[in-house]
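Residue numbers (this note's numbering), protein chains in the order written: chain F, 137 to 432; chain A, 112 to 419; chain C, 2 to 333; chain Y, 1406 to 1722; chain W, 1008 to 1486.
These aren't lab readings, by the way, just hints derived from the structure by calculation. As the structure is a computational prediction, the values presented were derived from the model and not from experiment. You may find that some hints are simply not true.
[To be verified] Straight-line distance between alpha carbons at most 20 angstroms, and here's what the computed SDA-like set of lysine to any residue pairs gives: (1) Y:LYS1426 <-> A:ILE113; (2) W:LYS1308 <-> W:THR1444; (3) A:LYS160 <-> W:GLY1378; (4) Y:LYS1493 <-> F:ARG335; (5) A:LYS190 <-> W:ASP1039; (6) A:LYS336 <-> C:VAL17; (7) F:LYS262 <-> A:ARG413; (8) W:LYS1364 <-> W:GLY1378; (9) C:LYS111 <-> A:ARG413; (10) W:LYS1295 <-> F:ILE202; (11) Y:LYS1486 <-> F:GLU327; (12) W:LYS1364 <-> F:ASP336; (13) A:LYS190 <-> W:GLU1356; (14) A:LYS160 <-> W:VAL1294; (15) A:LYS190 <-> W:GLY1378; (16) C:LYS199 <-> Y:ILE1660; (17) C:LYS199 <-> Y:LEU1522; (18) C:LYS111 <-> A:ILE340; (19) F:LYS342 <-> Y:LEU1522; (20) A:LYS203 <-> W:GLU1177; (21) C:LYS266 <-> Y:ARG1662; (22) F:LYS198 <-> W:GLU1333; (23) Y:LYS1524 <-> F:SER207; (24) W:LYS1345 <-> F:LYS342; (25) F:LYS161 <-> C:LYS266; (26) F:LYS165 <-> C:LYS266; (27) F:LYS198 <-> W:GLY1386; (28) C:LYS266 <-> Y:PRO1663; (29) F:LYS198 <-> W:LYS1360; (30) W:LYS1469 <-> W:ASN1197.
[What the hints assert, rightly or not] Now the stretches of chain A that chain W is said to cover, found in silico as 3 or more residues with beta-carbon under 8 angstroms: (31) 295 to 303; (32) 341 to 347; (33) 371 to 380.
Ideal Cβ positions, reconstructed from N, Cα and C, are used throughout, including at glycine.
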Amino acid sequence: MSDRTLSRKMIPATKKRSQALDVWKRLRKSNSAIAGLILIFIFLCLAVFAPLIADYENDALKMNIIERLQSPGADHWFGTDEMGRDIFARIVYGTRISLFVGVISVSIALTLGGTLGAIAGYYGGKIDNIIMRTLDILLAIPTILLAITIVAALGASILNLMIAVGISNIPGFARVVRAAVLSVKDQEFIEAARAIGSRDHTIILKHVLPNSMAPIIVFATLKVASAIMATASLSFIGLGIQPPTPEWGSMLAGGRAYIRDNMYIVLYPGLAIVLTVLSLNLIGDGLRDALDPKLK
Amino acid sequence: MIKYVIRRLMMLFPVMIGVIFLVFFIISLTPGDVATIILGDGATEERIKDLREELGLDDPLIVQYGNYMIDLVQGDMGKSYSTGLSVAGEIKQRFPNTFKLTITAIFLSVLISIPIGVISATRQYSIFDNIGMIVALIGISMPSFWTGLILIILFSLKLGWFPSGGMKGIMSLILPAFTLAIASTASITRTTRSSMLEVIRQDYITTAKAKGVSRRSVINKHALKNALIPAVTVIGLEFGVLLGGAVLTETVFSWPGIGRLMVESIQRKDTPMVLGCVIVFALSFSIVNLIIDILYAFIDPRIKSNYS
Amino acid sequence: MKETVLKVENLEVRYVTEDGIVQAVNGIDISVEKGSTLGLVGETGAGKTTTALSVLRLIPDPPGEVVSGKIELDGKALMELPESKMEKIRGGLVSMIFQDPMTALNPVLKVGDQIAEAIKIHQQLSQDKALQKAREMLEMVGIPGGRMNEYPHQFSGGMKQRVVIAIALSCSPKLLIADEPTTALDVTIQAQVLELMKELKEKMDMAMIMITHDLGVVAEVCDNVAIMYAGRIVEQGTLEEIFNNTKHPYTEGLFLSIPNIDDRKAELKPIRGLMSDPFNLPPGCSFCDRCDYAMDKCASEKPEKVRFSPDHFVECHLYPDNKEFQLKGGKG
Amino acid sequence: MKDKEVLLQVRNLKKYFDTPKGKLHAVDDITFDLQKGKTLGLVGESGCGKSTTGRVILRLLEATEGDIIYNGKNIHELSPKDMRELRKEIQIIFQDPFSSLDPRMTVSEIIEEPIKLNKLIRDRKKRFERVLELMDLVGLSRRLMNTYPHELDGGRRQRIGIARALALDTKFIVCDEPVSALDVSIQAQILNLLKELQKKLDLTYIFITHDLSVVNHFSDDIAVMYLGKLIEKARAEELFSNPVHPYTKALLSAIPRPTLEKKGEKIILKGEISSPINPEDNCRFANRCPFAEDVCRKSEPPLRESGENHFVACHLF
Amino acid sequence: GGAQEETEMVKDEVVVALSADITSLDPQGHNDTKSEMVSFLLFNRLFRLNTDFEVVPDLAESWEQPSDTEWVIKIKEGVKFHDGSEMTAEDVKFSMDRSKEAPKVQQVLSEVASIEVVDKYTVKFTTNSAFAPFLYTLVHAGTSVVPKAYVESGDEFAKPIGSGPYTFVEWISGDQVVLKKNEAYFDKNNMGQSSTITFKVIPEGTSRTIALETGEVDVVPELPTIDMNVVKDNSDLALYEKPSTRVDFFAMNTEKAPFDNVKVRQALNYAIDKDAIITVAIDGAGVKAESVLAPSFLGYKAGPYSYNPAKAKELLAAAGYPDGFEMEIMTSGDDRKKIAEVIQASLMEVGIKASIKMLEWGTFIDSVLRGDEETLILGWTSNPDPDATLTPHWFSGNIGGMNFARVNDPEMDRMLKEGREELDLGKREVIYNKLHTYIMDKAPWVPLFVKNNIVGANAALKGVELSPQGLWNLEKLHY
Ligand SMILES: Nc1ncnc2c1ncn2[C@@H]1O[C@H](COP(=O)(O)OP(=O)(O)OP(=O)(O)O)[C@@H](O)[C@H]1O
Ligand SMILES: Nc1ncnc2c1ncn2[C@@H]1O[C@H](COP(=O)(O)OP(=O)(O)OP(=O)(O)O)[C@@H](O)[C@H]1O
Ligand SMILES: [Mg+2]
Ligand SMILES: [Mg+2]
Ligand code: NI
């Protein structure tokens, strides 16, 4: 056979090329996703290099009454809050908390919900019914209300907050994973794997899960965004993270009384939330397209 | 169809039983003793003990749960621990307000997002599309209490167009409903857009065009109805988000709804009231989703035939 | 000579995608006469559907664009018409049937309404009258008129395809383009549908373009055949000329690839390789790398049209110098 | 025909699916034998149960009733371990060469997987050699080793599927419409390849298709299915020259033939295949059959021998 | 009532913003300040406080004290309830008995042993022991007089009937309470001024101020301190400010190490920067608290402490904590969260690492009653007699109650008893003076500040009166 007819995509690979690379290539074409990625990258840098940017104890935690409520300026880029703490420093350190809370709570939901969803989807039948009907109970209570109830019960702390947001997102993840697994499960390559003698767990781990990742990743990205929002909302009703931890949501909620005269106190943490959530949403949307097999 | 609706309604029972148990369980984890809270400061040990007995607080959780369920079946949701008022009466007074708010919000966001989604899809990658999406996304990225405060400052303090809060007439409904709507606009818009994009690639759209149907009618008559099916699901789910968002919005806008009541009750450890609120929330959320499922059947005849 | 209904000249269509430019149709000429059927045959991706959609000016834009070409339908130059006029022509003067009846009908509209819609638009009838006419059309394709208030999912595949045909024929078009109308159907149903189409075509005296990759179908319904390969028509002629006097090596390859039902021992002689990548067509004959007869110049020069009869031509370097050349495959 | 050993015996095989509307009789009591090294063509209209039959034989689905005896062993009674052992011999090739390949694995990984999984060759190098060998065998260029299926055309993808099916000690393959998604020119390539492999490796095939000209070209025996029932089975020449069942006749006459010669009169059937859910106890073809009589609507015809090795289920015969 | 300026249209309705809904219309069914505001308008007590926190008669006509433990009180004749029935001693006795039984307010009359009807308009209270501040207990909303017949009718205060200057119109849960002027009010000098008073629930502070600015409400009794300037700068609005008797304090659980060490407690008294707290938490609207009661109280004496981190460090070192220690501050509510933050920051300066634990109010109170806390922040207002605050907070018998520091000190117990049983004012003053010094030496609390009551109102609104408890005499509000 002549190989001249190979499409140019088929140029022999010397190295193994990953699908991730393809996804990345497609993702790169989406301006908004790139904008989102850049923003998130900046926030990640802030989180990682926070100690280089600002001093935690002195800038973010220490009270400084003389310098309280200073408008943004050269000394304090984003101004200072009612205790004279540097808002910029607090936002920088808040990045750690907010992203951490978002990611961990989603991880909790993903692990628990994902496992349940995968089991339900793969085995179907009675097991599916039992799992999904049980989750319907969780699903019947709107997410944030469930989170409020749980935090109220467990007490407000970073850990409990993550647990609450995590648990309340379990049914969502279970549904998405289940749907993804279902859509993969009936494809013939799963049957083909069974035909060559693969066992169930091999099939789930090697074939089903990798192929159902796309919608799950997208959902997870979007949920990190909403977890950050949920944290802020919980702060508003006094169930947020304990002070003086510089968390965006509690900065926003705590500073809201100053919205009239010292707008910047809530403006910057608000912007931080908006930008993070926005960029996660942009990435999520971008990924949705990039991972869509139909656009391959 | 009727059978299906009845079956779905029957399904609500086990779910509600589960919901109540779940909440019962969660609340039981809360530290703090209800009796001391009810009696407040300076109550004697004895009185506390008596009250605990009276309320059955010393019974095992499952017994308390059972008793609650028995009362509930008889239509008795108990009395608020903190005010002594009947929970059912309180909820009857407050729930319609939340309902009014969320329904208006849903209508608002549907009214905004479906057209934007459709136009965005038909002009994919145009300026309108991009701006529409970015605006919707920013909407979803703003904490609603923040949006609410900003809207109050802008529209009621600075411009004086709307009252800053309370519940007096249509005007006072607009700001809170809009605040709530903003958050769900994004997802509805996006779903509409992507399902619209999906639909306009379908063969039957080409068929319609090949029949000579004008562009406008292709969109309105052929594409929209099909594109609405996934959008409708999202609207159902968004209703849950709205109910949750109502908790914050009701506080900011002094809206006497059930969301605020629930949070206040949680803080007072007013178990019967919390349970009442959660039941109503869960029930209305489930019923809305049931209605949505039935709506499907009207939009999509394929589903209807499955039900009968 | 009969009246020409459709005349396409030098049509060139491409799709500009992120991966590159797909040269889907590369300068083709076709003409179809009243009452006759042209079969458009070719492999997947040859550009058949694109050609058909160009005639209706329904190439999705973006990514598609018509680079050049003249299309004359019933004396009207379509490329110049404004969109509003074009809407009048679609479904009225020319209609199209799509490959997959499962997806060609709008799932949420009643079939009766879907048929009536076209009638209403083109014949300016009231809703009632249009529905009346729709019922007649439905009965004409062999479906009881009482079922017009049902939805597509309540119909079987073959019935859906009939509904699609009813829609296409509802305004008595001069030209009917059928894009693989039976590929998705079972053999027995395919036979029903083909029979019906033949009958109706005769009754209405339409011209028809039948797009297919099944030479059996071609043999059954077509008068003329155009063989498409990589966006060009490589051979065209009357049914007889193509079947009995095959000239292009690709056409021959097609015949040799189909199992012969009457001779089960006959060996299949497939065309080797694959169709050229439409992103990157070779400078010469697109078929040359699969061709057993390929010569040096095949790779570098585009072949010219060689005519054997007023209707029969072929684009191949084998012929200009040696019109008597015979393909070895035994066909023709 | 008793000279060859019988590899596969299917006895009274039934497969019913539970659906919300009732029991769906996908495969309803079919019986046949298949000899080693031969090909059985399974034809019939969409939804008549061809694929289900194939899957049940490979125990990808559990049979509702009936026996499948492969090489003397009843497949549906094997322990999971023995079943895995048996899977080295029996394989399947699917219709859709896209969905039957894991989009996240490269060509070589896909072909390697069964070898690795069944621990046939433990040495990595040797295993790799084997993969290359298989790729050569099915005519896949070695350079494609590291590409992903979605980068390839249907023909090549189908070759990957074939290579995977051959990777083990394959003796028997169910080909579930392996060419119907392909273009004619590619279809011929694959058909030739399958034939060649059969000769080389002494394979036994069940060849499922709805394309009668392909099945005629490819099979030794042909079984025609209608709504879960086997209605006619004979040697290929016999069936084509002497079809007995009215449905088979109609099917044969309906094939569009690419010749200009005069063709026989077409039998155009009315209506379509009816629902397989809770079918009544009658000849399932009766409502479309031009010759149907009362008896056809009252009872089910059994499969009877009408000539040497020619079986038909029809009251009229 | 003031003379009304003759402008064209005078608003005859006053809207009062509440930060939370009332919990009950039953004066014996609540103990929160919001509900009290409404109760005070609907019902009367035997006595009331004036704006200077002096006890003045309300329903009482006259009273005498036949013995140390007996109080005979005669009520005004002809007082009519809103339903027109006349109030008698029976109603008073009924109400007092009811109050003693009502869970929410039973502690108010806990010193009262019995109540007897002497005649149609006279009742006699007998206290358990000599009880100096007795009259003060009778100003509490929990001792409001309710019509016996009405309560026995079983309406459960859905449409409450009282005797006050306003009558009940409606209560929309979570939204508003509407009251209408009682034209037949018995006390012609204290008649209601506006024809309606509406209490509107606006939970969010900023929204409350905005509602005042937009004119949706006429008076905000609890103006967020942050918005004081907004009101001051607005010529249409007026700001009223008056020192309260409420002390916000930081209490240490003396049962728990290291707070069982008096040096540590004193160190904290030096370490906490009260000025900073006042600036940050209440925007300067208050004064430093130097002792456990507000300066206006009988026998008040300031403690010896001032902000001095160096001294604090010294004391800590002396106590054996030169490098500080870790501790937890427990509290509830957004306002106190800020206080906690400042304390946390102050303590950081002297090497103490404090973490803050925010709890729901219910949970918080419960934990505190159980003594789970190490330290806590709370504020306390009570009626003007020192005993009403001191005994609950410092009497050893109240450990597990409101003795937040869990102080068990026989000397203190003795002084408390002495103070409450001494009926002579001068002697009481001396006792309390000593008690103040004693408590501050033991330093179980760090008194933080005495907050001013801040009321924002429409500049045109007249009759805005403040008492140390905040907006007072609401019946006087009018345009
Ligand atoms: N919307 C599109 N965007 C990009 N490329 C397209 C698009 N539509 C068609 N193409 C490409 O144009 C070429 C011709 O496509 P066309 O659909 O006309 O082929 P066809 O002959 O109808 O094939 P088939 O037999 O599969 O229907 C193909 O290479 C196809 O991939
Ligand atoms: N998992 C399943 N659950 C329920 N019904 C099924 C399932 N698989 C197949 N069926 C039904 O069983 C019948 C036979 O299906 P099968 O796939 O065997 O048909 P087929 O002859 O292979 O058709 P095709 O030519 O379309 O592939 C069909 O009616 C199908 O809808
Ligand atoms: Mg096509
Ligand atoms: Mg099949
Ligand atoms: Ni090659």
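Outcome of the hint check:
For the hint pairing LYS1426 (chain Y) with ILE113 (chain A), the CA-to-CA distance comes to about 17 angstroms; that is within 20 angstroms, so the pair holds. Taken as a hint, the LYS1308 (chain W) and THR1444 (chain W) pair is honoured in the structure, with Cα atoms around 7 angstroms apart against an allowance of 20 angstroms. With a C-alpha separation of about 18 angstroms, the suggested pairing of LYS160 (chain A) with GLY1378 (chain W) holds against the 20 angstroms cut-off. A distance of roughly 14 angstroms separates the Cα atoms of LYS1493 (chain Y) and ARG335 (chain F); the hinted pair therefore holds under the 20 angstroms criterion.
Simply put, LYS190 (chain A) and ASP1039 (chain W) have alpha-carbon atoms about 19 angstroms apart, close enough for the 20 angstroms limit, and the pair holds. In summary, the hint linking LYS336 (chain A) to VAL17 (chain C) is not supported, as the alpha carbons are separated by about 30 angstroms, beyond the 20 angstroms threshold. Pair hint LYS262 (chain F) plus ARG413 (chain A) does not hold up; C-alpha atoms about 26 angstroms apart against a cutoff of 20 angstroms. Under the criterion of a C-alpha separation no larger than 20 angstroms, the hint pairing LYS1364 (chain W) with GLY1378 (chain W) is consistent with the structure, at around 14 angstroms.
Straight-line distance between C-alpha atoms of LYS111 (chain C) and ARG413 (chain A) comes to about 11 angstroms, which keeps the hinted pair within the 20 angstroms bound. A threshold of 20 angstroms between alpha carbons decides the hint, and for LYS1295 (chain W) with ILE202 (chain F) the separation of about 18 angstroms falls inside it, so the pair holds. Under the criterion of a C-alpha separation no larger than 20 angstroms, the hint pairing LYS1486 (chain Y) with GLU327 (chain F) is consistent with the structure, at around 18 angstroms. Pair hint LYS1364 (chain W) plus ASP336 (chain F) does not hold up; C-alpha atoms about 48 angstroms apart against a cutoff of 20 angstroms.
Taken as a hint, the LYS190 (chain A) and GLU1356 (chain W) pair is broken in the structure, with Cα atoms around 49 angstroms apart against an allowance of 20 angstroms. Only pairs whose Cα atoms come within 20 angstroms are accepted, and LYS160 (chain A) paired with VAL1294 (chain W) is rejected, the gap being roughly 41 angstroms. At most 20 angstroms may separate the alpha-carbon atoms for a hinted pair to count; LYS190 (chain A) and GLY1378 (chain W) exceed this at roughly 29 angstroms. Under the criterion of a C-alpha separation no larger than 20 angstroms, the hint pairing LYS199 (chain C) with ILE1660 (chain Y) is consistent with the structure, at around 16 angstroms.
Only pairs whose Cα atoms come within 20 angstroms are accepted, and LYS199 (chain C) paired with LEU1522 (chain Y) is rejected, the gap being roughly 55 angstroms. The straight-line distance between the Cα atoms of LYS111 (chain C) and ILE340 (chain A) is roughly 17 angstroms, inside the 20 angstroms bound, and the hint therefore holds. For the given pair, LYS342 (chain F) sits about 12 angstroms from LEU1522 (chain Y) by alpha-carbon distance, which is consistent with the 20 angstroms threshold. Note on LYS203 (chain A) and GLU1177 (chain W): the hinted pairing holds, with a Cα-Cα distance of about 16 angstroms set against a maximum of 20 angstroms.
For the proposed pair LYS266 (chain C) and ARG1662 (chain Y), the alpha carbon gap of about 17 angstroms is at most 20 angstroms, so the pair holds. Distance restraint check for LYS198 (chain F) and GLU1333 (chain W): the Cα-Cα separation of roughly 17 angstroms lies within the 20 angstroms cut-off, and the hinted pair is therefore satisfied. Straight-line distance between C-alpha atoms of LYS1524 (chain Y) and SER207 (chain F) comes to about 71 angstroms, which puts the hinted pair past the 20 angstroms bound. As the CA atoms of LYS1345 (chain W) and LYS342 (chain F) are separated by approximately 53 angstroms, the hinted pair breaks the 20 angstroms bound.
Proposed proximity of LYS161 (chain F) and LYS266 (chain C) is contradicted: the alpha carbons are some 50 angstroms apart, above 20 angstroms. Between the alpha carbons of LYS165 (chain F) and LYS266 (chain C) the distance comes to roughly 54 angstroms, so the proposed pair goes past 20 angstroms and is violated. Taking the CA atoms of LYS198 (chain F) and GLY1386 (chain W), the gap is about 25 angstroms. The hint is violated against a cut of 20 angstroms. For the suggested pair LYS266 (chain C) and PRO1663 (chain Y), the alpha carbons sit about 17 angstroms apart, so the restraint of at most 20 angstroms is met.
For the suggested pair LYS198 (chain F) and LYS1360 (chain W), the alpha carbons sit about 12 angstroms apart, so the restraint of at most 20 angstroms is met. Simply put, LYS1469 (chain W) and ASN1197 (chain W) have alpha-carbon atoms about 15 angstroms apart, close enough for the 20 angstroms limit, and the pair holds. Chain W is given as covering the region 295 to 303 of chain A, and this is violated because 0 residues of the stretch bring a CB closer than 8 angstroms to a CB of that chain, at least three being needed. Coverage of a stretch by a chain is defined here by at least three residues with a beta carbon nearer than 8 angstroms to that chain's beta carbons; for the region 341 to 347 of chain A and chain W the count is 0, and the condition is violated.
Counting residues of the region 371 to 380 of chain A whose beta-carbon sits less than 8 angstroms from any beta-carbon of chain W gives 7, enough to reach three: the coverage restraint holds.
Going down the numbered hints, you'll see the structure goes against 6, 7, 12, 13, 14, 15, 17, 23, 24, 25, 26, 27, 31, 32, while the others check out.
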